[in-house]
Amino acid sequence: EPEVTQTPSHQVTQMGQEVILRCVPISNHLYFYWYRQILGQKVEFLVSFYNNEISEKSEIFDDQFSVERPDGSNFTLKIRSTKLEDSAMYFCASSESGNTEAFFGQGTRLTVV
Amino acid sequence: DAKTTQPTSMDCAEGRAANLPCNHSTISGNEYVYWYRQIHSQGPQYIIHGLKNNETNEMASLIITEDRKSSTLILPHATLRDTAVYYCIVRAWGAQKLVFGQGTRLTINP
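From first to last, the protein sequence lines stand for chains A and B.
The working numbering puts the first sequence at residues 50 to 162.
The working numbering puts the second sequence at residues 935 to 1044.
Everything labelled a hint here was simulated from the structure, so no lab data went into it.
What you were told as hints is all true, and nothing was included just to trick you.
Here are some chain A residues pointing at chain B (derived, C-beta under 7 Å):
| hint | residue |
| --- | --- |
| 1 | Ser-97 |
| 2 | Asn-148 |
| 3 | Glu-150 |
| 4 | Gly-156 |
Listed next, the in silico BS3-like pairs over lysine-lysine satisfying Cα-Cα at most 27 Å (straight line):
| hint | chain 1 | residue 1 | chain 2 | residue 2 |
| --- | --- | --- | --- | --- |
| 5 | A | Lys-132 | A | Lys-91 |
| 6 | A | Lys-91 | B | Lys-1003 |
| 7 | A | Lys-91 | B | Lys-937 |
Keep in mind the model is a prediction, meaning the values are calculated, not measured.
All C-beta atoms, glycine included, are put in the ideal place defined by N, C-alpha and C.
Excised from the complex, chain A in its bound form (with noise of 0.2 Å):
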């Protein structure tokens, strides 16, 4: 069954440098996703991205972070400066369209020292 990959599955940085953290969605799919869950917290949104661009962010995506589509398989979340607040699992998702079912990877726990 096809499924959603992350890389890698624990990151540790030190705060104020930059990650990145990679997806590689389901092939035919052309929706991509960024949530993430603090520890103890609701997931929450970050970003939608379709056609090779963001079609809705929360507040909570501000200029720190960016997303990328750098070649047909992968989909990539940057934040440029990590911050202590940054913790959290990030979970990619991908869905065919913007109605259908989307369908999340197992996450990336980003641990900010």
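Please build the complex by placing chain B on the supplied structure of chain A, with the hints as guidance.
Same frame as chain A, now just chain B:
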């Protein structure tokens, strides 16, 4: 903000049907009811969705009341692996994002 209300936690015996309620009294005509679950800290897993008719797939059944103000997710024969947080989400047609609430923590007991 989430537009649904779910019990914080529920217990169910292994092998029995688990019935998870969800209230969405302010649902609009173009909004679907989606159910996802999250096992431990894994990524949310899609279960089922519906508009107004009852739906069934290999994982679960979704019963939506006639007035669409509430729904019930049914896991017909719960196993220990069904222990998870279950999220009921209302999502409008064309809305890409999912808005997660706190969900129901379902514990399946042996």
